[in-house]
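Protein chains: 4
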Amino acid sequence: MKPDIKAALEVIFAADSEIYKNRGFMRRIGFGKRPAIIHIDLANAWTKPGYPMTCDGMDVIIPAAQQLNEVAREKKIPICYTTTAFAVTEGPNSDMGLWHLKIPAEALKLGTEDVAIDERLAPRPDEQIIVKKRASAFHGTYLAGYLRAHDVDTVILTGVTMAGCVRHTAEDAIAEGFRPIVVREAVGDRAPGVVEWNLFDIQAKFGDVESLETTLAYLRGL
Amino acid sequence: MKPDIKAALEVIFAADSEIYKNRGFMRRIGFGKRPAIIHIDLANAWTKPGYPMTCDGMDVIIPAAQQLNEVAREKKIPICYTTTAFAVTEGPNSDMGLWHLKIPAEALKLGTEDVAIDERLAPRPDEQIIVKKRASAFHGTYLAGYLRAHDVDTVILTGVTMAGCVRHTAEDAIAEGFRPIVVREAVGDRAPGVVEWNLFDIQAKFGDVESLETTLAYLRGL
Amino acid sequence: MKPDIKAALEVIFAADSEIYKNRGFMRRIGFGKRPAIIHIDLANAWTKPGYPMTCDGMDVIIPAAQQLNEVAREKKIPICYTTTAFAVTEGPNSDMGLWHLKIPAEALKLGTEDVAIDERLAPRPDEQIIVKKRASAFHGTYLAGYLRAHDVDTVILTGVTMAGCVRHTAEDAIAEGFRPIVVREAVGDRAPGVVEWNLFDIQAKFGDVESLETTLAYLRGL
Amino acid sequence: MKPDIKAALEVIFAADSEIYKNRGFMRRIGFGKRPAIIHIDLANAWTKPGYPMTCDGMDVIIPAAQQLNEVAREKKIPICYTTTAFAVTEGPNSDMGLWHLKIPAEALKLGTEDVAIDERLAPRPDEQIIVKKRASAFHGTYLAGYLRAHDVDTVILTGVTMAGCVRHTAEDAIAEGFRPIVVREAVGDRAPGVVEWNLFDIQAKFGDVESLETTLAYLRGL
Numbered sequence: 000m001k002p003d004i005k006a007a008l009e010v011i012f013a014a015d016s017e018i019y020k021n022r023g024f025m026r027r028i029g030f031g032k033r034p035a036i037i038h039i040d041l042a043n044a045w046t047k048p049g050y051p052m053t054c055d056g057m058d059v060i061i062p063a064a065q066q067l068n069e070v071a072r073e074k075k076i077p078i079c080y081t082t083t084a085f086a087v088t089e090g091p092n093s094d095m096g097l098w099h100l101k102i103p104a105e106a107l108k109l110g111t112e113d114v115a116i117d118e119r120l121a122p123r124p125d126e127q128i129i130v131k132k133r134a135s136a137f138h139g140t141y142l143a144g145y146l147r148a149h150d151v152d153t154v155i156l157t158g159v160t161m162a163g164c165v166r167h168t169a170e171d172a173i174a175e176g177f178r179p180i181v182v183r184e185a186v187g188d189r190a191p192g193v194v195e196w197n198l199f200d201i202q203a204k205f206g207d208v209e210s211l212e213t214t215l216a217y218l219r220g221l
Numbered sequence: 000m001k002p003d004i005k006a007a008l009e010v011i012f013a014a015d016s017e018i019y020k021n022r023g024f025m026r027r028i029g030f031g032k033r034p035a036i037i038h039i040d041l042a043n044a045w046t047k048p049g050y051p052m053t054c055d056g057m058d059v060i061i062p063a064a065q066q067l068n069e070v071a072r073e074k075k076i077p078i079c080y081t082t083t084a085f086a087v088t089e090g091p092n093s094d095m096g097l098w099h100l101k102i103p104a105e106a107l108k109l110g111t112e113d114v115a116i117d118e119r120l121a122p123r124p125d126e127q128i129i130v131k132k133r134a135s136a137f138h139g140t141y142l143a144g145y146l147r148a149h150d151v152d153t154v155i156l157t158g159v160t161m162a163g164c165v166r167h168t169a170e171d172a173i174a175e176g177f178r179p180i181v182v183r184e185a186v187g188d189r190a191p192g193v194v195e196w197n198l199f200d201i202q203a204k205f206g207d208v209e210s211l212e213t214t215l216a217y218l219r220g221l
Numbered sequence: 000m001k002p003d004i005k006a007a008l009e010v011i012f013a014a015d016s017e018i019y020k021n022r023g024f025m026r027r028i029g030f031g032k033r034p035a036i037i038h039i040d041l042a043n044a045w046t047k048p049g050y051p052m053t054c055d056g057m058d059v060i061i062p063a064a065q066q067l068n069e070v071a072r073e074k075k076i077p078i079c080y081t082t083t084a085f086a087v088t089e090g091p092n093s094d095m096g097l098w099h100l101k102i103p104a105e106a107l108k109l110g111t112e113d114v115a116i117d118e119r120l121a122p123r124p125d126e127q128i129i130v131k132k133r134a135s136a137f138h139g140t141y142l143a144g145y146l147r148a149h150d151v152d153t154v155i156l157t158g159v160t161m162a163g164c165v166r167h168t169a170e171d172a173i174a175e176g177f178r179p180i181v182v183r184e185a186v187g188d189r190a191p192g193v194v195e196w197n198l199f200d201i202q203a204k205f206g207d208v209e210s211l212e213t214t215l216a217y218l219r220g221l
Numbered sequence: 000m001k002p003d004i005k006a007a008l009e010v011i012f013a014a015d016s017e018i019y020k021n022r023g024f025m026r027r028i029g030f031g032k033r034p035a036i037i038h039i040d041l042a043n044a045w046t047k048p049g050y051p052m053t054c055d056g057m058d059v060i061i062p063a064a065q066q067l068n069e070v071a072r073e074k075k076i077p078i079c080y081t082t083t084a085f086a087v088t089e090g091p092n093s094d095m096g097l098w099h100l101k102i103p104a105e106a107l108k109l110g111t112e113d114v115a116i117d118e119r120l121a122p123r124p125d126e127q128i129i130v131k132k133r134a135s136a137f138h139g140t141y142l143a144g145y146l147r148a149h150d151v152d153t154v155i156l157t158g159v160t161m162a163g164c165v166r167h168t169a170e171d172a173i174a175e176g177f178r179p180i181v182v183r184e185a186v187g188d189r190a191p192g193v194v195e196w197n198l199f200d201i202q203a204k205f206g207d208v209e210s211l212e213t214t215l216a217y218l219r220g221l
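Protein chains in written order, with numbering that gives the first Met the number 0: chain A, 0 to 221; chain B, 0 to 221; chain C, 0 to 221; chain D, 0 to 221.
Bear in mind the hints are in silico, worked out from the structure with no lab data behind them.
Quick caveat: nothing in here was measured; it's all calculated off a predicted structure.
It is possible that part of the hints are untrue.
[To be verified] Straight-line Cα separation of at most 16 Å, EDC-like style, residue types lysine to aspartate or glutamate; simulated pairs:
hint, chain 1, residue 1, chain 2, residue 2
1, D, LYS75, C, GLU89
2, C, LYS75, D, GLU89
3, D, LYS5, D, GLU195
4, D, LYS47, D, GLU118
5, D, LYS47, D, ASP113
6, B, LYS75, A, GLU89
Sequences are here, hints too, so could you generate the full structure?
Take a look at the structure:
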């Protein structure tokens, strides 16, 4: 993002933050007692170049996600990965529903390497890979029931995109009764600005945006 | 079922039907304008001998399901199949949730032939195979959103088990705004009596129980 | 229920139990660490005479529910009550959805004394009264998110009807990741036999059926 | 919003739109055959001055919502209103769940005039008023089932706030299989900029942003 644009956004965020804080918004929800890590769509079609879905910043996002995994595995914290993929991408019976009318969902074919989780994250056999059909990791999936059955109260969110799947997942998470924590260095998107304003909206109303360092310290302390 | 037991059930159903009808229950919901066929768990672990989940009556159920598919394909009616399968069947991160504390869910391993749809139904590439983790085909799946996106208003239900997944699916279907039609000859279970009483409860409160003949005539007339 | 009919049901249950146990069903899910009490539809239209919904056995059910409330309040265990009620019971915009096509939902008018919780249970201001539109206390309500936010892992179910709302709630509860406990003396229905076979199905697949005494002892021990 | 800030946002939107369009995003989903109007949180605590939730722009938003209602009533199109309200705003059993940890949810007391629909919209007895506990009109409510039962395929969204409840509702709507249409003049918020960037994100990925004029013309043509 160009510096003058970034500066303009900062001006808006400062003004809005004052309004929000005066009104009692922008509180801190805090970490809970038992977290899970949810990596949103860190699959090849988003993490590698050349796809309609390709996102920026993987040089920072992937290492951040790896560091979270390392501590989580040590601490026996559940790790989930989502991908978005469709079995039928043509004709009147598609599991894309209506979404392909808005975005290039037809590029995400179930069973292809494109929608497999990025090998740098190396999911283990006892970690959940959840195939979702919509933006939210909770919508039309067993995620909420799975987390509850394992007494999870906090979801640590990484991945892409901030303007789509990560945002919707954070909104659903608090609605379902989980504390959403979005890790600043571990999220991204493909268009300038959208990361900043979606983090701002989440911080205002839906969950906490925390640094990788703070999140790792919390996990290590469990 | 032994004749005297069957007779005893019939006595209860007759008495209960009188109560229900006097109270305004047991109405007929009727077929809608655009149906989908939902085959519940007609996968090998339920349709073939030798599994904990094995059900009876496949000599009638499978041909009934085949006949429904034949007409549905001709009429371009969406067909969905569910199976129940788990990626992680051991340890603290299992997608079985709490269900293995009650039933032998650990026998249903994702990716095995056991949980594949029975080859006699031969799903086509444009038909949906939905992997569910719970009894209902709607719970934790994209089924409701998929059906709505395709303007479906009626779900024709077949499969097993009546006391578990078919019952819960029928209950959820009407809750979600779809007309549930359970095809009498196309449903079954593994224990005597449970088919009869679950069909009775559904007929009383949640959906219509129709014969294969009536259902086929409806589909042919579309 | 007449003795010979009851005997016939017992014969079926014994035969089915053997099948289920041999197959690995009918396990005990057990009580968790933090329960909530959910009283299903113990509202006047179900608990008092003269309504289409009127149920039997309130001389036992109400005192059982009262005893559970007494201990729960002492132990600061959350208590929820559901009622089923509709704002619009005529015309094309009804919140009955399709359910009035099957049952006399039109008798349950939101805001009337008919759908108010039975005064013998005397809900307190900090106890939740959830108005639902469907059979399950979870379907189309905030119950799951509410329970999760308060770290509840077990739902103690009472109320009516066993063949409708209690059954569907138990099924949804385990699907959502909560341990369903149905209190034998605290549930009922309006037609003979349906309590017995629905408790049987739940015990086989979805939750534990426990006596009032066992449940009270568990609650007292928290 | 100050002109230079607005200009800066326009620069970002233009650059991002080019990326999105090149990648196949920002398609037009289009109006369907049977719409419903959903007014999000046009209740006093949002539409009148002096509350933590108070929003700007009601001189434009309310007349726009009124015009939509006028045509919708003429054309027998279902109208729904949401409000956000909590029965228990203190202590460990609150239906606020975790949301009060982030926003001043405790100001929204169920049954008060504060959370009543603005009298300028004058809901009629056959129009649905849905009390929600979370941001989305779909989350923990019967809205999806209600809309499906009435064959609705399109939701016309108005109200507040764009950065919260309207955004989350639009995301859930397409996930549930409904076409989301956000009416530009009929939505608002309480902080500068957030309307613009949330409309931008929705237009890119979740639904169509349409003018009041276009929407009224569509409704009149039904």
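Evaluated hints:
no.	hint	verdict
1	D/LYS75 / C/GLU89	14 Å, holds
2	C/LYS75 / D/GLU89	14 Å, holds
3	D/LYS5 / D/GLU195	9 Å, holds
4	D/LYS47 / D/GLU118	11 Å, holds
5	D/LYS47 / D/ASP113	9 Å, holds
6	B/LYS75 / A/GLU89	14 Å, holds
Every hint, counting from the list given before, is met by this structure.
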